[in-house]
Amino acid sequence: KAGVTQTPRYLIKTRGQQVTLSCSPISGHRSVSWYQQTPGQGLQFLFEYFSETQRNKGNFPGRFSGRQFSNSRSEMNVSTLELGDSALYLCASSLGGTDYEQYFGPGTRLTVT
Amino acid sequence: GESVGLHLPTLSVQEGDNSIINCAYSNSASDYFIWYKQESGKGPQFIIDIRSNMDKRQGQRVTVLLNKTVKHLSLQIAATQPGDSAVYFCAESSNDMRFGAGTRLTVKP
Numbered sequence: 041k042a043g044v045t046q047t048p049r050y051l052i053k054t055r056g057q058q059v060t061l062s063c064s065p066i067s068g069h070r071s072v073s074w075y076q077q078t079p080g081q082g083l084q085f086l087f088e089y090f091s092e093t094q095r096n097k098g099n100f101p102g103r104f105s106g107r108q109f110s111n112s113r114s115e116m117n118v119s120t121l122e123l124g125d126s127a128l129y130l131c132a133s134s135l136g137g138t139d140y141e142q143y144f145g146p147g148t149r150l151t152v153t
Numbered sequence: 014g015e016s017v018g019l020h021l022p023t024l025s026v027q028e029g030d031n032s033i034i035n036c037a038y039s040n041s042a043s044d045y046f047i048w049y050k051q052e053s054g055k056g057p058q059f060i061i062d063i064r065s066n067m068d069k070r071q072g073q074r075v076t077v078l079l080n081k082t083v084k085h086l087s088l089q090i091a092a093t094q095p096g097d098s099a100v101y102f103c104a105e106s107s108n109d110m111r112f113g114a115g116t117r118l119t120v121k122p
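Chains S and H are the protein sequences, given in the same order.
Read in order, the letters of the first sequence correspond to residues 41 to 153 in the numbering used here.
Read in order, the letters of the second sequence correspond to residues 14 to 122 in the numbering used here.
If you are wondering where the hints come from, they were derived from the structure by calculation, not from laboratory data.
Some clues are possibly wrong.
[Claimed, not checked] Below, simulated SDA-like cross-link-like pairs (lysine to any residue); rule was C-alpha separation at most 25 Å, straight line:
id, chain 1, residue 1, chain 2, residue 2
1, S, 97, H, 42
2, H, 55, S, 84
3, H, 55, S, 107
4, H, 121, S, 113
5, S, 53, H, 53
6, H, 55, S, 67
7, H, 55, S, 79
8, H, 84, S, 84
9, H, 84, S, 53
10, H, 69, S, 141
11, H, 81, S, 107
12, S, 53, H, 55
13, S, 97, H, 108
14, H, 55, S, 113
15, S, 97, H, 64
16, H, 121, H, 89
17, S, 97, H, 121
18, H, 81, H, 32
19, H, 69, S, 139
20, H, 69, S, 135
21, H, 69, S, 70
22, S, 97, S, 141
23, H, 84, H, 96
24, H, 55, S, 56
25, S, 97, H, 41
Generate the whole structure from the sequences, applying the supplied hints.
Right, dumping it as structure tokens:
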């Protein structure tokens, strides 16, 4: 069974731009969660989608948004990029949500210059 | 505020020894706890989980202990191997998922 895949793996953007990251969950998984990982803040929860609906949301500004498609693939978007948005963005999929075993993808490394 | 944190940022053990990684949490409503391992350049990898109605759970070479009285979680790795070298995170889930800062485990040959 294929694991969680994320594209692109690396991305360089400039301040003020926007970016869209993609995540394909494990086949059969309906929940996709997104996380931001930085050396200073560690792993922080962004949001979780289940069956195309956002179920939970972390404490991030509205510049961070996401969506999930009918095939469970998910995208997250960050608008008006700031230097502090430089991070590893991880997605994880599970059968039922964050209170089930989650499988992480390799992440997208975003650098904002 | 509520937080999930680790007691030690680094841990160094000799190959073959047992390792214990600790984690404190403060949200008494948390009902699901997970340990993850993250190797350099990779996403976190699930190791073992435990729900709040249990106090111990064992896997292959790993054991998780949950003490709800003092809000403490630990991960025990038996016969630690060089391949166990990584950063280990505890996480707790209620409506979202919150991670501890991580402990870097180094295994000396």
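Worksheet item: Where does the structure disagree with the numbered hints, that is, which hint numbers, in rising order?
Response: Of the numbered hints, 4, 9, 11, 17, 21, 23, 24 do not hold.
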